[in-house]
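Enquirer: Chains as they are written, first to last, in the working numbering: chain A, 1 to 256; chain B, 257 to 427.
Honestly, the hints are just simulated from the structure, not real lab data.
What you are looking at is a predicted structure, and each value in this text was computed from that prediction instead of being measured.
Warning: the hint list may mix true and false statements.
Claimed, not checked - For each label pair, taking beta carbons as the anchor points, the in silico distance ranges come out as:
1. A/Ala114 x B/Thr412: 48 to 56 Å
2. A/Asp189 x B/Ala361: 55 to 63 Å
3. B/Gly392 x A/Ala69: 39 to 47 Å
4. A/Ser6 x B/Pro394: 17 to 25 Å
5. B/Ser383 x A/Ile66: 20 to 28 Å
6. B/Glu381 x A/Arg193: 42 to 50 Å
7. A/Ala35 x B/Leu302: 46 to 54 Å
8. B/Ile393 x A/Gly192: 44 to 52 Å
9. A/Ala25 x B/Glu368: 30 to 38 Å
10. B/Pro394 x A/Pro24: 20 to 28 Å
11. A/Gly192 x B/Pro367: 55 to 63 Å
No residue lacks a Cβ here, since even glycine has one placed at the ideal position from N, Cα and C.
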Amino acid sequence: MTRKPSPPISTDDLHGYADGQLPPARAAEVEAYIAAHPAAARQVEDYRAINAALHRALDGVLDEPIPAAHMDVARRRRPRPTLAAAASVAGLLIGLAGGWLLNDRLSADRPATAELAGRAAAAYLVYAPEKRHPVEVSAADSDHLKAWLSNRLGMTFRLPRLSELGFELVGGRLMAGNDTPAALLMYEDAQGRRLVLYVSKDLPADGEHAMRYRRDAAAGVVYWSDGSNGFGVSGDFSETELMPAARVVRSQFSAL
Amino acid sequence: MGSRRALLIAEIPHLRRYARALLRDPDIADDLVQNCLERALSRFHLWQPERRLRPWLFTIMHNLHVNAVRYRVSRPPLVELDDAVMPAAGGASQEDSLQTRAVLAAIDELPEDQRAVVTLVGIEELSYKDAADVLGIPLGTLMSRLHRARERLRETLGMAERRPAPIRRVK
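Let the sequences and hints guide you as you build the complete structure.
Expert: Next up, the structure:
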């Protein structure tokens, strides 16, 4: 029987054979090879023995009950604020019970992040009603917008895509943050409802602060921080409406 | 949504097993799993069901682990073997359990990147391609790490020099 010449058996083939990852034709060739090469046969045997020993050592974990904390997070609708103190969670619940009147002192919220939430809401209130000049640079010029905001803020700025959620980018503008430039992006849905993303870089860099929501008379805000970068997504929407947009924004910026 | 959650829950035991292999200390390992689940959930909308869930989750966990290692000043002390090793499934003989300890100790001696490779391929049974993707390395790098790891284990476990090969039942 004649065969097309196939590449010589390599160590990769021996691993592949031991792990059962070779196509059948190649596996047959390796089998023939190791039948004639005892050292190679021992290698394969040892690799399999190592795998089997690893299974014996660690498979017990598969039978352990899943810790309750894991189940909690897997069933929860939203991620738990990982780094927020338990006190702030309690505070948030109190705020919820109080009809969204989230009291910063009660919640032990981080003042800088809460202050940023105020700025995001204010930006929404000022710019969202604008008919003629809602943005400085329109979405049609998005490459320029992205480069400009990246340069002015000194970060890789993203223009998160919210189309799946029904919002299209209108454009953006440069804002004044506390000490540094900040940025605003505006989005609009088919009904003309708007939401804004406010980004600033002037927070004290003390880690990651989980997403929170608060609402006052005219606007809701989901806000969070990551190092010195603070983010607020604001609009006249409920928490359930804002949160998906905020999650998209967060994942885009955290993938930096 | 419900079915996606169910898929996620089904992966938890595998995440825990891999974390245990990497970190050994059950509490530290479960913390890593917890962080991984939190992160996965916050990005669940980005997961495309055409992609298999397990490699996607392992990638998230690997990145969290790498970052944690990078920022940790020193590695946490490995716990005593007795605390970490699970009772082997089924009635393991004493010889088995000795071998289990030896293997785990040998795995601990491996450099971090080799330990990840030998575990992902050896117990999680990821394809070479998936394992390379999880670790963010080219396939060739994966294969050479796998080879170095296994040859080193053979040496540590005294497999390489035995002559002639004793009869060992391997399924």
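Enquirer: If a hint holds in the structure, say so; if it does not, say that too.
Expert: Checked hints:
1. Between A/Ala114 and B/Thr412 the CB atoms are about 55 Å apart, so this pair conforms to the stated range of 48 to 56 Å.
2. Hint check: A/Asp189 to B/Ala361, Cβ distance near 59 Å, so the stated range 55 to 63 Å holds.
3. For the hinted restraint 39 to 47 Å between B/Gly392 and A/Ala69, the CB-CB distance of approximately 28 Å leaves it violated.
4. Our hint of 17 to 25 Å for A/Ser6 and B/Pro394 holds, since their Cβ atoms are close to 23 Å apart.
5. Our hint of 20 to 28 Å for B/Ser383 and A/Ile66 holds, since their Cβ atoms are close to 26 Å apart.
6. Taking the beta carbon of each, B/Glu381 and A/Arg193 are about 49 Å apart, inside 42 to 50 Å as hinted.
7. Roughly 48 Å separates the CB atoms of A/Ala35 and B/Leu302, a value that falls within the hinted 46 to 54 Å.
8. One distance hint, 44 to 52 Å for the beta-carbon pair B/Ile393 and A/Gly192, holds here, with the actual separation near 48 Å.
9. The given range of 30 to 38 Å is respected by A/Ala25 and B/Glu368, whose C-beta atoms sit roughly 36 Å from each other.
10. Separated by about 26 Å at the C-beta atoms, B/Pro394 and A/Pro24 satisfy the suggested range of 20 to 28 Å.
11. At roughly 58 Å, the beta-carbon separation of A/Gly192 and B/Pro367 lies within the given 55 to 63 Å, and the hint holds.
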